[in-house]
Amino acid sequence: MSMLAIRDLHSGYGDVPILHGFDLDIEERMIGAVVGANGAGKTTTMRAVAGILPTWRGEISLAGERIDGLTPRQRVEAGVVLVPEGRKLFPSMTVRENLELGSLHPRAKAARAQTLEQVFDIFPRLLEREGQKAGTLSGGEQQMCAIGRGLMSLPRLLMLDEPSLGLAPIIVQTIFDIVRRIREEGVTVLMVEQNVRHALALSDRAWVLEQGRVEFEGAGQEMLNDDRVRKAYLGM
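Using my numbering, read the sequence shown as starting at 30 and increasing by one per residue.
Simulated from the structure, these hints should not be mistaken for lab results. As the structure is a prediction and not an experimental result, all values here were calculated from the model. Yeah, the Cβ is synthetic: ideal placement off N, Cα and C, and Gly gets one too. Any given hint could turn out to be false.
Taking CB as the label site, the calculated pair distances span [claimed, not checked]:
id : residue 1 : residue 2 : range
1  : L194      : R257      : 21 to 29 Å
2  : P83       : M122      : 26 to 34 Å
3  : Q161      : A66       : 14 to 22 Å
4  : D256      : R102      : 43 to 51 Å
5  : Q143      : G115      : 41 to 49 Å
6  : E126      : A197      : 39 to 47 Å
7  : H134      : Q202      : 14 to 22 Å
8  : G50       : E126      : 39 to 47 Å
9  : A142      : R226      : 34 to 42 Å
10 : E157      : R242      : 29 to 37 Å
11 : L156      : A197      : 33 to 41 Å
No farther apart than 27 Å at their CA atoms in a straight line, the calculated lysine-lysine pairs in the DSSO-like style are these [claimed, not checked]:
id : residue 1 : residue 2
12 : K162      : K117
13 : K138      : K117
14 : K162      : K138
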């Protein structure tokens with residue numbers, strides 16, 4: 030069954046259309062990657078699925094249930110969680126306080142202690158820093174905290190918007206290893222990523238967006254070897 034199914038999605042900002050009939054299917058326990066040039070509609074897609082932007086036309090379904098009529102909060106409660114570009118942590122709050130903010134809805138709050146333990150198991154660095162203010166963390170540690178906060182919401186679909194942005198190459202590899210582990214824990218992951226080579230190598234399924242439409246799609250490794258993708262996005 031598809032964890033996320035998008036059909037003929039049209040969305041945008043104000044009265045400016047960005048997505049022009051976007052289709053996507055990602056199955057349970059998959060890693061999916063949405064790639065493309067700046068302005069292609071990648072972040073718009075994530076925000077529309079999260080409910081931050083309206084669905085002007087089309088359908089969005091989670092595990093067979095329509096969610097395009099739900100509020101952003103209701104979508105989080107249903108299991109759709111977005112980790113935004115730029116992390117958006119509360120810098121004056123501690124790591125632990127930032128993580129606990131991810132578990133405010135009743136289902137997540139009831140499991141907070143257990144989920145926090147799991148997050149610290151995935152991110153031992155955060156356990157070491159749990160009493161430290163988030164604003165004093167390194168960029169990689171802040172990204173770990175942002176992903177950990179997303180996991181505290183008990184996602185069925187975890188969406189990551191540019192998880193490697195601004196990070197050193199060695200930290201990028203760590204973040205992608207963590208994404209792989211999250212998938213192994215049973216969470217479906219959909220990411221927007223400017224590091225196309227890494228994203229395609231990691232993903233089970235990938236979509237290349239151009240001007241709000243899917244130009245190419247396929248298995249990540251197949252896309253990595255596709256001459257059209259290599260020429261347009263990998264400089265090869």
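Each hint, compared with the structure:
1. L194 - R257: 21 to 29 Å: Holds, since L194 and R257 (Cβ atoms, about 25 Å apart) stay within the stated range.
2. P83 - M122: 26 to 34 Å: Given a distance of about 31 Å, which is inside 26 to 34 Å, the answer is holds.
3. Q161 - A66: 14 to 22 Å: 37 Å, violated
4. D256 - R102: 43 to 51 Å: 44 Å, holds
5. Q143 - G115: 41 to 49 Å: 29 Å, violated
6. E126 - A197: 39 to 47 Å: Distance hint for E126, A197 is violated at roughly 26 Å.
7. H134 - Q202: 14 to 22 Å: Given a distance of about 33 Å, which is not inside 14 to 22 Å, the answer is violated.
8. G50 - E126: 39 to 47 Å: Roughly 42 Å apart at Cβ, these two residues keep to the hinted range, so it holds.
9. A142 - R226: 34 to 42 Å: This hint holds: roughly 39 Å between Cβ atoms.
10. E157 - R242: 29 to 37 Å: This hint is violated: roughly 45 Å between Cβ atoms.
11. L156 - A197: 33 to 41 Å: Since L156 and A197 have Cβ atoms about 22 Å apart, the given range 33 to 41 Å is violated.
12. K162 - K117: 14 Å, holds
13. K138 - K117: Within the cut-off at roughly 21 Å; holds.
14. K162 - K138: 22 Å, holds
Comparing the model with each earlier hint shows violations of hints 3, 5, 6, 7, 10 and 11; every other hint is respected.
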